[in-house]
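Asks: One-letter residues, chain by chain:
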Amino acid sequence: MNSILEIKNLHAKIGDKEILKGVNLKINAGEVHAIMGPNGTGKSTLANVITGKDGYEITEGEIIFKGKNVSLLDPEERALEGIFLGFQYPVEIPGVSMTNFMKAAIDAKRKYKGLDPIKPGEFLKMMREKQALVDIPDKIKNRSVNEGFSGGEKKKNEIFQMAMLEPDLAILDETDSGLDIDALRSVAEGVNKLRSKDNAFMVITHYQRLLDYIVPDIVHIMYDGKIVKSGDKNLAVELEEKGYKLVE
Amino acid sequence: MKLQDSIVKYINENQAVLNDSFPDFIKDIRTKSQQDFIRKGFPSQKNERWRKTKLKYFTEQYYHPSINNIYDKELKWEACVVPEFDMAIALINGHYVAKKDLEVLPNGIIIGSMKSAVKKYPDLVKSYFNRLIKQQNNVFDDFNAGLFTDGLFLYVPKNVQGFKLQIIHRLDAKIDALINVRNLVILEENSQIDMIQCDDSNQHKSHFASFNSEVFLADKANLNWYKYQNINDLSAVFSNHYYQVGSQAHLYTNFMELNGKLLRNEQFAKIVGVDAKVDLYGLYLADKSQQVDNLLFVTHEKEGSYSNQKFKGILDDSARGFFNGQILVKKDAQQTNAFQKNDSIILTDKARVSSQPFLEIYADDVSCSHGSTTGQIDEEALFYIRQRGISKRDAQLLQLYAFVGEVIDAIKIPELIEPTKDLVKKRLNGKLDVCEDCILQCQTRT
Chain G
1 MNSILEIKNL HAKIGDKEIL KGVNLKINAG EVHAIMGPNG TGKSTLANVI
51 TGKDGYEITE GEIIFKGKNV SLLDPEERAL EGIFLGFQYP VEIPGVSMTN
101 FMKAAIDAKR KYKGLDPIKP GEFLKMMREK QALVDIPDKI KNRSVNEGFS
151 GGEKKKNEIF QMAMLEPDLA ILDETDSGLD IDALRSVAEG VNKLRSKDNA
201 FMVITHYQRL LDYIVPDIVH IMYDGKIVKS GDKNLAVELE EKGYKLVE
Chain W
1 MKLQDSIVKY INENQAVLND SFPDFIKDIR TKSQQDFIRK GFPSQKNERW
51 RKTKLKYFTE QYYHPSINNI YDKELKWEAC VVPEFDMAIA LINGHYVAKK
101 DLEVLPNGII IGSMKSAVKK YPDLVKSYFN RLIKQQNNVF DDFNAGLFTD
151 GLFLYVPKNV QGFKLQIIHR LDAKIDALIN VRNLVILEEN SQIDMIQCDD
201 SNQHKSHFAS FNSEVFLADK ANLNWYKYQN INDLSAVFSN HYYQVGSQAH
251 LYTNFMELNG KLLRNEQFAK IVGVDAKVDL YGLYLADKSQ QVDNLLFVTH
301 EKEGSYSNQK FKGILDDSAR GFFNGQILVK KDAQQTNAFQ KNDSIILTDK
351 ARVSSQPFLE IYADDVSCSH GSTTGQIDEE ALFYIRQRGI SKRDAQLLQL
401 YAFVGEVIDA IKIPELIEPT KDLVKKRLNG KLDVCEDCIL QCQTRT
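Chains G and W supply the protein sequences, listed in that same order. Each residue of the first sequence is one higher than the one before, counting from 1 in this note's numbering. Each residue of the second sequence is one higher than the one before, counting from 1 in this note's numbering.
This is chain G alone, in the form it adopts within the complex:
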């Protein structure tokens, strides 16, 4: 099987505080991995370190993405290589319309591949198709990115962007938080439609609820900066029943 992501003995810190204390993780094409664990164990840090956010220092280990060490690349380079992060708290960008934002992102990706900017007609068609996929209202495309969006709309917008950019690896950081059951279902449906044998997902969540809709191949439990237990989807059910004393 094709390896998408391989994390080897990853240690990372913010300032003097070590958050990741030796994470090992291997995700192959076609797989959905769930990362679960209590607050403050480093789940979001792991997502941020994989995507290259400023402020984190990798002190040991490496991140191999599609066979290439991406540990030192800029966030945009990792994104262009095919890593996507669905944000836990999508950022509002006043004055930048969704259409312009997506056009800039698509064109950046095309440029990286040596292609010309997308033609306007083709772009609008693509927008329409992907909007339908995640059931997001047409009006959002003229609005500023995430500005005035409801919690549900923001999360759907993350999935919409993922659909537009077609990453090889999508990391969804607590995409289920703050969603009502209908929004949760439509977000999950969007993800399921985008699953393929060539891409992979890393779903960070606190609750087994999301995993009823996005069924994972492997579930990992993270605790104190490490992955301490891995198993199939039943691990999430067990965790839901017993709580984190399972790993303490």
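The set of hints was computed from the structure by calculation and includes no laboratory data. Some hints could be false.
Straight-line C-alpha distance at most 20 angstroms; calculated DMTMM-like pairs for lysine to aspartate or glutamate [unchecked claim]: (1) Lys425/W with Glu248/G; (2) Lys392/W with Asp198/G; (3) Lys141/G with Glu415/W.
Residues on chain G that point at chain W, a partial pick, calculated with CB under 8 angstroms [as the list claims (entries may be wrong)]: (4) Thr51; (5) Leu72; (6) Glu76; (7) Gln161.
The beta-carbon is built from N, C-alpha and C at its ideal position, and this holds for glycine as well.
Use these hints to put chain W onto chain G, whose structure you have.
Replies: Quick look at chain W alone, frame taken from chain G:
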């Protein structure tokens, strides 16, 4: 001070050249202004309104007074003309350049050089000239009145509407030069015009320029004034604008302050009628060691008027910005709505902006507000944008462009919007140091 001394010497030695070609009423004002200037000198930073502005870079140099034509007569300023506009005139190093020096258009508009207008229409000029400026005590007004070479005279008769004029202020001396321009614009009742002004430089010489304008809006008159300032990194332009706004009149200005070593715009709007409207928009972009100042003063004298000041700016490198916005609501100005907002982004630790709001309200039934923010690029948003594959530089540009968008969106002439967007994008991208011709043609260049 080298500059000060050389100007004093110049004034004393050239009384005849400076004053004799003007009718007595202007000659008197000039002589008095020259004396006042000699007495006061250029302001120091001890002066509250000049506290944040260093003039030393300029006042230690010598500038050649441009009382004689020192521009290249072959200069093709007509390349600057925006085709959609009805007419264009130029002021090249303070000298009026147009097809005719003074003319009356079929619709009754009188347009021409100040110098010609004071001779041909002395009574008309006399009833307006210096009426607004003399009320202030601004040394740059003395400097300007005492030394101006020429300027635009524009008279728009009652009910004439829809005239679109482009004014090109060119700083194009082949030696370091003093440039002084004096404009007078009179809009009679229920008239309407659009003016677009380009302050531009071509030669890489230092200029020390003052552009003063007095503008009279009679009742129901309507003026839209767009200004694009893009001068070289060695030059300073001090522009003082004085407006008198009558009942139900509407004054709208939108200034794009794009480049220059020192750009200073002072606007004084006095609303003397009821139910008038004043909109003052501005955008300032400065980098390197540039300085950009905006001082606004709106006075509400009568009831029921509206005013709005909205200025946004971005300061990079070690640039300095100064915003001073004043609103004065007099006792009789009930039901006034007056607003002011100034927002800046500073991109480095060395860039600075100082923002000072002053509200002085003597009426008890008014709605006034002011706000000022100074911030940096939003780092969370920057990461969000970069995570979608957009480069750091482009992510910053996207945010900066979005930040200033509100001022560009306030442009009311559709054909100006795209060129303005283009200019601002280029400037944010650092590509607009000096434009070969008028900046509005920049979109056609690479």
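Asks: Are the hints correct? Go through all of them and say.
Replies: Structure-based check of each hint:
Proximity of lysine 425/W to glutamate 248/G is assessed by CA-CA distance (about 55 angstroms); at most 20 angstroms being required, the pair is judged violated. For the proposed pair lysine 392/W and aspartate 198/G, the alpha carbon gap of about 29 angstroms is over 20 angstroms, so the pair is violated. For the given pair, lysine 141/G sits about 25 angstroms from glutamate 415/W by alpha-carbon distance, which is inconsistent with the 20 angstroms threshold. Here the hint on threonine 51/G is kept, as its CB sits about 6 angstroms from the closest CB of chain W, short of 8 angstroms.
Taking 8 angstroms as the C-beta contact cut-off toward chain W, the hint placing leucine 72/G at the interface is violated, the least distance being around 15 angstroms. Interface restraint check for glutamate 76/G: the shortest CB-CB distance to chain W comes to about 4 angstroms, inside 8 angstroms, so the restraint holds. Nearest Cβ of chain W to the Cβ of glutamine 161/G: about 7 angstroms, under the 8 angstroms cut. The hint holds.
When held up to the earlier numbered hints, the structure conflicts with 1, 2, 3 and 5 and fits the remainder.
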